[in-house]
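A.B. asks: Here's the letter readout for the chains.
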Amino acid sequence: MRFDLTVLVPHLGFLAEGALLTALVCGLALVGGVILGMVVAIARTSSNRVVNRIAAAYVDLFRNIPFIVQLFFFYYGLPEIGIFIDAFTTGVVALSIAGGAYASDAIRAGILAIDTGILEAAEVSGLSRRTIFRRIVLPIALRTSVRPLGSVLINMILTSSVLSTITLNELTGQAKIVASDTFRPFEVYFVLLVVYAALTYLVSLGIALLHRRLNRDLSEPVG
Amino acid sequence: MLNVEQVRKTFGTVTVLDGVNLAVKPGEVVSILGSSGSGKSTLIRCINGLERLDGGRITVDDFDVSKPRELAEARKRSGTVFQLFNLYPHMTALQNITLAPIEVLKRSRAEAEDEGRALLASVGLGDRAEAYPAQLSGGQRQRVGICRALAMRPRYLLLDEVTSALDPEMTSEVLDILAKLASGGTTMLFVTHEIEFARQISDRVVFLEKGVLLVDLPTRDFFAAGGGLAQPRVAQFLSKMRKD
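Chains as they are written, first to last, in our numbering: chain A, 1 to 223; chain B, 1 to 244.
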């Protein structure tokens, strides 16, 4: 067998379409996952028992079911009871929900790690709970949770390849088509793995930058 | 007037404060002495509403700290400086100071920052406004902590062992500032182990022992043979602290 990438040239545009769709789905799902993660982390650290339980149940539920099963349930199961959601929306929502469960754990750990003395200082200075959360709790929690959160986000990108199973022709979906058209699975999947690696590398780079920025007080020289 | 009346506080089966009475008038500097575990810090934490009372009443300018509605007003009138500084690590010295004035007192950013810089300059940190807590020494952090409390223009400054986490050199830089504040007429309730310093700056000294306020006397009387020293526990405490 010869390794010849030129056979893919006529299909590059087609593959790029898939890559773009992957980027779009992931972009939306990452935002959705992080927002959901924050909300759930807040709920899980809340002193309200009911809110707390519901949030914990959500996290347990979605972490304990294979993603592909959740996806099939949303896309092939729900129409049976009259709920039709298109593949793109299903993909974004399912990925956000699943990712949000993991993201909330990372953020929650960051919240719980905050020194209570700092929160007491904020409390006695008369700041409202809302302000304390927005200006103190969240920024400090993100300082520590941004790295684990990064792993969650990268995992979401990798998981997005499963979306091809619900007719959403993102990168993996398109690649499968090209592979069966050209009979050159080696080259096709070689390119695929390079593109995924590049995509996730970009995200980890962004996370590293964000981590540096959030912890800039610890990295800058004293003086 | 800061009034502590018959305050009781228990943690489980341990009684930490047992019927404490204390009144601090505006302009007064009152030091609280006592060995570790005597309830000094708990008393401060009751006054600023961090602990719920199990009995009695605390009012700050007639605002009852046990009533949620009045607690906010009471807290606006008192400022707390902590043993471990408790600065916000992700904010610069200046941001630490201006956060509450802007958010709680609704002051304009420019006004709050001007005042914050002036406060920092007054404690010798005029050039460190943009530094983060991690970039400051312990003494510098505590000076920022004092500025943060003062920025709210509190009528009562609560100081909870503010030099206990500092080495002697840093302790003196912080005490110098407190001495300046005391002579400037700032009302202070000062929990400390720095006995000599307490003697120099306080109008009154109180002594807590196992949650009971044993002695409450003007400073000179407290250290006089026939006054506070007449109490065996006080004499014992003072002689031990001075030996250390």
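Just so you know, these hints were derived from the structure itself, not from any lab. No residue lacks a Cβ here, since even glycine has one placed at the ideal position from N, Cα and C. Be careful, since some hints might not be right.
To be verified - From the derived model, a few chain B residues whose C-beta atoms are all more than 12 Å from chain A: (1) E5; (2) D18; (3) G56; (4) E73; (5) R75; (6) R77; (7) V81; (8) A100; (9) E103; (10) V104; (11) S122; (12) R148; (13) A151; (14) K210; (15) T219; (16) Q231.
To be verified - Selected chain B positions facing chain A (in silico; Cβ < 7 Å): (17) F11; (18) N48; (19) T80; (20) H90; (21) R128; (22) A134; (23) S137; (24) L229.
A.B. asks: In ascending order, which of the hints set out earlier in this document are inconsistent with the structure?
C.D. replies: Going through the list in order, the structure violates hints 4, 5, 6, 7, 8, 9, 10, 12, 13, 17, 21, 23, 24 and respects the others.
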